[in-house]
Amino acid sequence: MNLFDIIGPVMVGPSSSHTAGAVKIGLAAGKLLGEKVVSAEILLYGSFLATGKGHGTDAALVAGLLGMKMDDENIPKSLEIAKERGLQIKFGKADLKDAHPNSVEMRLVGEHGRKLSIVGESIGGSLINIAKIDGLDANFSGDFPTLIIHNEDQPGHLAEVTGMLARSSINVATMQLYRASRGGEAVMVIECDQEVPEETLEWLQKADGITKVTYFSLKEPEETR
Amino acid sequence: MSYKKLTEITELSEKRHIPFWQAVLEEDMIERGVSREDSMSRMEYMYETIKEADENYDPALRSASGLAGGDGGLLEEYRKKHSSLLNDFVLEVMEKAVKMGESNACMRRIVAMPTAGSCGVIPAVLLTYMKHKNPGKDRIIEALYVAGGIGEVIATSASISGAEGGCQAEIGSASAMAAGALAYLEGGGNEEIVHAAALTLKNMLGLTCDPVAGLVEVPCIKRNVAGAVNAVVYSQMAMAGVRSAIEPDEVIDSMNRIGRLLPTCLKETGQEGLAITRSAQKITERLSITDL
Ligand code: SF4
Chain A
10 MNLFDIIGPV MVGPSSSHTA GAVKIGLAAG KLLGEKVVSA EILLYGSFLA TGKGHGTDAA
70 LVAGLLGMKM DDENIPKSLE IAKERGLQIK FGKADLKDAH PNSVEMRLVG EHGRKLSIVG
130 ESIGGSLINI AKIDGLDANF SGDFPTLIIH NEDQPGHLAE VTGMLARSSI NVATMQLYRA
190 SRGGEAVMVI ECDQEVPEET LEWLQKADGI TKVTYFSLKE PEETR
Chain B
1122 MSYKKLTEIT ELSEKRHIPF WQAVLEEDMI ERGVSREDSM SRMEYMYETI KEADENYDPA
1182 LRSASGLAGG DGGLLEEYRK KHSSLLNDFV LEVMEKAVKM GESNACMRRI VAMPTAGSCG
1242 VIPAVLLTYM KHKNPGKDRI IEALYVAGGI GEVIATSASI SGAEGGCQAE IGSASAMAAG
1302 ALAYLEGGGN EEIVHAAALT LKNMLGLTCD PVAGLVEVPC IKRNVAGAVN AVVYSQMAMA
1362 GVRSAIEPDE VIDSMNRIGR LLPTCLKETG QEGLAITRSA QKITERLSIT DL
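These protein sequence lines are chains A and B, in that order. The opening residue of the first sequence carries number 10 in my numbering; numbering runs sequentially from there. The opening residue of the second sequence carries number 1122 in my numbering; numbering runs sequentially from there.
Honestly, the hints are just simulated from the structure, not real lab data. Incorrect hints may appear among the rest.
[Unchecked claim] Derived DSS-like pairs: lysine-lysine, alpha-carbon spacing no greater than 30 Å straight-line:
(1) 1254/B <-> 78/A
(2) 1323/B <-> 86/A
(3) 86/A <-> 1343/B
(4) 1202/B <-> 1172/B
(5) 86/A <-> 1172/B
(6) 1343/B <-> 1323/B
(7) 78/A <-> 1258/B
(8) 1403/B <-> 102/A
(9) 1403/B <-> 99/A
All chains, please: the whole structure from these sequences, using the hints.
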C-alpha cells in the first residue's frame, strides 16, 4: 500500500471492488486473449451477481474488454460502444463452486478465432486475481508481465521454458505450477520482471508438449479504442 | 515502509525540522522510488481531478438504482436562496460532500480518498477552503499530503475498508484525514494536526457499514456530510487548543480493535442494520437483477 492508494486511485464510481476492479478484470481478460474480442459470455457470481447491476459491474467488465481503464469516463456507455463495434455480449449466472464472492467467469472469442475462458476475482480495493484460465488454476494479479503456459505434464518442459526465459534475459519474479492430473494437462504461471519479447513467445508456442501460450503484458494493446 | 504511527511522522518532522506534509512526501519518494517533482505532480493531478469532479456535478443525473442523485442541487439552491442557521462555509462543505458522493454513485470520475464510498469528505473540505480562503493551490496540495499521511497510518494500523472495519474505517478515516488537513491549512502544527484527527475519529468509532442493497448509496452519500462537517468542527476545536485525552495513535488502535469486534453482519454484508429494514427490502426487491 502506498500514499496514492490512500489519496487515489482516480476511478469511475461507484465501487472500487465492483466497478474499478471489474474494469481491471475485463482489461486483463482482453489482453490475455491477445486479439480483438468479438464475442463474450460474461457469467457473474456471488456479490457480482447480486449487486452488480447497481454497481455498474456489467458495464465495467465490458469497458475493460474494450481496453478502457478504471478512470475512463466512457465506462457507463460501454455496452453501447460494444454494440457499435460489433462485440457480442451475453450475460448470465456463473456455475462456480467455493469461488470468491466477487467473481466472474468470462468466455471470450477473438477476431481470429482464438478462445479463452477465465475466472477473475475482485479481491478488495481495486486489486484483482485471475483465478483460472481455461478451467485450470492460475492465480496472478496482473501487476507483472505474466506468462501462462499450458503443457503436457511430462518431465523437462519446465526446464525448457525457464531456460528460454534466461536466454531472453528475463528474470522470473514468481512461478506457480498446477496440473489437472498426473500426466494430464499442466499449467505454469510465470510472473516476470521484464516484458517477454514476441520471438520468445513464438518459440514457446512451437515447443514440443506445449499446448497453449497465453501472455499478459502491461504494455498497452495496439487497439484500445 | 509506510508509517505505522502518527508519532513516527511527527518525530521525523521534529528531528529533521520539516513540516508534517514533507515527512509524508519524503516517505512516498523512498517507497515508490520517485522524485519530489513526480510525487508532487501526481498529487496535483489528484487535486485537479477532485476539482473537475466537483465542477462537473450534474444535478439531473441519477444512479442506476434510481436511489441517488439531485440532493447536491437541492443543497446548492438552499444555500443560495435561504438564510440558514449555518454560515456559507459549512453549507458549502455539506453541498460538496453530497455532490461528490452522488457523482460517484452515478458513475462519474472521482478520486477514492481513501475509498470511493467516502470520496466526498476530503474534497468537500479542501475545495470549500480553497474557494473561501484562497490559500493557493500549493497549500492545498500540501494539505493532501497531511491527509494522506494520516490515512496511511490508519490503513497500516487499522483499516480503510468497510468490509474489514465497518464504516468507521471509511467515512471515519476520511473524516480524520480531512480534519488533520484542515488544521494544517488553518496554521496548525504537528500537535494540532494529530489532535484534530484524533478528536474527529473518536466520534466515528463503531460506525457500521450497512448499505442498502449493497450499493454505495444509502447511507453512504449523506454520511459523507457527517464526515466532512465533523472534520470542520473538530479541527476548530484542535485549533482552539482543545486536546484529545486519548493519545491519537491509541484512538487508531481502538478503531482497529472495534473494527475486529464488529460483527460481520454489520460489515458490508447487507445482513443487518439499515440494509434489512422494510424500506431497504422494498428497494432491494425493486432492484432484483432478473433482467441480467
Ligand atoms: S456504509 Fe459501508 S459502503 Fe457506505 S461509505 Fe460506509 S463503509 Fe463505505
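**Request:** If any of the earlier hints don't hold here, list their numbers in rising order.
**Result:** Of the numbered hints given earlier, those the structure breaks are 1, 2, listed in rising order.
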